[in-house]
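Visitor: Okay, here's what each chain looks like letter by letter:
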Amino acid sequence: MNSFLFGLKSGVPIGLGYLSVSFTFGIMAVSYGFEWWQAVLISMTTVTSAGQLAGIGVMVNPGQYLQMLISQLTINVRYSFMSISLSQKVSSSFNGIKRWFAAFLMTDEIFAVASSQKEVSEKFFFGLMVMPYLGWTFGTLAGSILGNILPDIVLNSLCLAIYGMFLAIISPEARKSKAVISVVAVAAILHCIFYYVPVLNEISSGLTVSICAIIAAVFGAIFFPINNDGEEEA
Amino acid sequence: MKDFWIYLLILAGSTYLVRAIPFAAFQKKITNRFIRSFLYYIPYAVLSAMTFPAALYATGHISSAAVGLIFGGFFALRGKGLTFVALVNCVSALVVELLLKFVI
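Protein chains in written order, with the working numbering: chain A, 1 to 234; chain B, 1001 to 1104.
Rather than coming from a laboratory, the hints here were simulated on the basis of the structure.
Keep in mind that a hint or two might mislead.
Taking lysine-lysine and the DSS-like style, the derived pairs with C-alpha atoms no more than 27 Å apart in a straight line are [said to hold, decoys possible]:
1) K98/A <-> K1028/B
2) K89/A <-> K118/A
3) K9/A <-> K1080/B
4) K1002/B <-> K118/A
5) K123/A <-> K1080/B
6) K1029/B <-> K118/A
7) K89/A <-> K1002/B
8) K176/A <-> K1101/B
9) K1101/B <-> K123/A
10) K98/A <-> K176/A
11) K123/A <-> K1028/B
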């Protein structure tokens, strides 16, 4: 299959997952007092879940520009690590302006799917960008206009789609490799600690995801360093 | 209204640059073994931290989320694809939600 089409197809589950997540974002933005077109514009220009949610929370108060910048940087710092990680896997023709274009959609899910490839070509990545962007945009549009037409239980269940995707990405590698499953376990346990322990649970979740992921990956790098072929050692 | 545009610029601009600068800057292969290992493990670490424990609270009831994740996880471990696992997650969670609402 042509790699653009393969990318397009690989993006379908992400697009479907985004429909439900951005639908919820649309509902929330309108309930915060935004117009439908403002919600859609935020989604079309930003394309991130946690950042947008925190963003509209800041936007309802006037003039807190610095606070907006700081909260966005802490929530989104994980993208920098993903970008560096993926920069090591792209094909040699995937360079220059193509990278500046592709980086616009370096979301958690697109990164995860892209990095599950042996090598990432620009055609594959551009194909991969299409469905998630459409899903994110139209989900926001639908959510902000239709509001609460879907019954709660359907909407609630849809929210689990994105995590099903995560499980499907983690599981094949985790089953094969003791190292990957250890890293996954460390990250999960650490994040539970940040989630449940008082004081620690007041830190923004975008930042705690970054902290836990960094510690877990450092743990993996120390105890299970990979060899030159990019495979971990037994 | 003027605020909205300035906010939008900061929100979208900072998110984009955080993604784009590192992606464009790292053109060469990194040779340091520690950093290469770190970058190899980062995707799994990020996904795991994002899933646990947040996924348990995604549906509004821990029971429906847990059932969805267990069924989804079962098929994920058997190597099923993204769409299929996501669907299993949603449908099994929906069944539990329906049971909670109409039966129990």
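Visitor: Could you check the structure against the hints above and give me the numbers of any it violates, in ascending order?
Guide: When the structure is compared with the hints, numbers 4, 7, 8, 9 and 10 turn out to be violated.
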